[in-house]
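Q: Single-letter residue listing:
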Amino acid sequence: MSTDPLVLSADVLVIGGGPAGTWAALDAARSGADVVLVDKGYCGTSGPTASGGTGVWYVPPVEESRQKAMDSRDAMGGHLADRGWMRRVLDQTWENMNELAGDGRYPFPTGPDGTQLRRGVQGPEYMRIQRRRVKRAGVRILDHSPALELLTDRSGAVAGASGYRRQADTHYSVRAGAVVLATGGCAFLSRALGTNVNTGDGALMAAEVGAQMSGMEFSTAYAIAPEFGTVTKTAYYNFATFYRADGTVLEGAGSQGGRSVIARALLSERVFCRLDAATSEQQAAMRLGQPNFFLPFDRRGIDPFTQLFPITLLLEGTVRGTGGIHLAGENGETSVPGLYAAGDAATRELICGGFTGGGSHNSAWAMSSGTWAGRAAARYSRASRRSGGKLLPAGGAGLRPTGTPGRPDGFRDVLAAVRAEVHPYDKNYLRHGDRLAPALSNLNDTWGWLRSSLTAPGGDVVAARQSAAMVAHARWMYTSALARTESRGMHKRADHPALDPAQHHRLLVGGLDELWVAPSDWRRDLGSVAS
Amino acid sequence: MIELVSAARCIECDRCIEVCPTNVFDRTAGGLPVIARQGDCQTCFMCEAYCPVDALFVAPDAEPVPADSPLRDEQHLAETGLLGSYRDKLGWGRGRTPGARLAIGPALPPPRISSAATAGAPAVASPDAPPLV
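These protein sequences, in sequence, are chains A and B.
Counting in the working numbering, the first sequence runs from 841 upward without gaps.
Counting in the working numbering, the second sequence runs from 573 upward without gaps.
One or more hints might be untrue.
Covered stretches of chain B (in silico footprint by chain A; criterion: 3 or more residues with CB under 8 Å from a CB of chain A, positions within the stretch not fixed) [claimed, not checked]:
(1) 575-586
(2) 604-611
(3) 615-628
(4) 632-638
(5) 654-665
(6) 680-687
Derived by calculation from the structure, the hints in this document are not laboratory data.
Glycine is no exception: its CB is placed at the ideal position from the N, C-alpha and C atoms.
Produce the entire structure from the sequences given, and follow the hints as far as they go.
A: Here it is as structure tokens:
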């Protein structure tokens, strides 16, 4: 039974309670703002960091170390990252991680020389601490409260959001002086560890108020997992040899530098794996380093060091790809007044270029961009005159069909349609124009009918909205992928296998019914910060 | 996927209902949480980590396991030590050392490309490779 909607107001509304959202909420609150944080699930367990854990780009402020860190992914990223942004992120991450160890009392391990090792965090511990810190800072948290759409004032500035409280079966709205989107990337419900809350909702909401995306062609991330499971932690596959079903070695396969060989094989056969290069000392350390890596094996009675087990690749899309909402300034501002983006919801090309931000860069980006967006949103909220006027809902697809509403479970058809175009390795991973173009055409058709007919009653409105967000996401991905007629970073085109120096630019993409894509001169616009 | 809510162990604190990021559980009048939407389970193991009495078990499979699977058999899971094993590894619970404090993984070897010539050979990290934490 629905009850009356919950109506709140705040200086800053943060949407998403993963690393970026919690740092944003914390730093907005510490800047004096009254903050509400809403999470689709539970702030503390939601998203890939909480269940996965991650390395962190934590590099001492020593010039030589910093240079080496900045050099490490430059070529792999296709030279699209920016040193000024990297420096800022390294500085802010250093500060935030030290705070996590200090005020946060995160139990970092101690190295042989007696100093703490702060280059990684276990997800459950990190996010449990972040929730506690956010609550202590006075932030009001609404769990199980997916945001459905942004609200704007008459000038078009973002002034809040509304959503659905699924455990109370009631809607809510929050009027706010500024909104931070920290909704994560999009992994298209692949079940890659912890990512099923990451359905690209923030990007859709942002696009509906006129924001743009950047780097959406860098969305070919797939992670290794046991065939039956969901644990997509890939670092330890550096100890692996990959095999065919007949026990012969799958030549050329590898976790790094040979993952596409695995994808190609998986199109026609099963692939097996064994971590046969790990010594017993290494094996023991692995169990301490990443206990969740072993959950599938221990529970299935598999010894991954001596027994072959089948593997698969799960889509991680823009969670470990680098595409996301384009930032118009140094503090997480989007091109829309009142709207900020942080973490995986925003593009990570600024520090990763076209190479994956997985491992350490995304986590550093999440905490840095979260801090900046939180502070900037608090400042903006304080400075802007809050309109008391009526707010306008900005949501379209999945909420307000332009034509005759279709079946209430139409979102299932949308999900099936988007899955069929983005999950297959020969479409999204092993890219070729001849396969991308029809896939995009199908997605455009899907968008056409969902825009005119998709909606759902009650709590299913969340599923409808998510399915629409994923279709929008996939269309931006493939529009950019078709426009980038070269291979750069993780985006590799079989029909354009070489890097083209003339395409040394980032690609902006946007639009909902009609899509557009255009190169961005990032060295002149605000995407580049003076070093 | 979540396969077990142990009626014998559950203290009806409803913590799992609160923390599940994909809202798989429902409250019931009887008190024992029920797995209401197993299909929404993303197999992230978080409910298990937060259950204070090890009453939950998440099978590592992305799909439901067969009805006769030992991964649904509470007695088997208890006897093999699987029940509560993730919380134990995380070091969550009174008197335990946080797993995070012990989490020093091996130094990672360089990328390894499968080849019949080197299969099974030990992977050696370069001497200056830092341990993975």
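Q: Are the hints correct? Go through all of them and say.
A: Hints versus structure:
{"no.": "1", "hint": "575-586", "verdict": "violated (count 0)"}
{"no.": "2", "hint": "604-611", "verdict": "violated (count 0)"}
{"no.": "3", "hint": "615-628", "verdict": "holds (count 6)"}
{"no.": "4", "hint": "632-638", "verdict": "holds (count 4)"}
{"no.": "5", "hint": "654-665", "verdict": "holds (count 6)"}
{"no.": "6", "hint": "680-687", "verdict": "holds (count 8)"}
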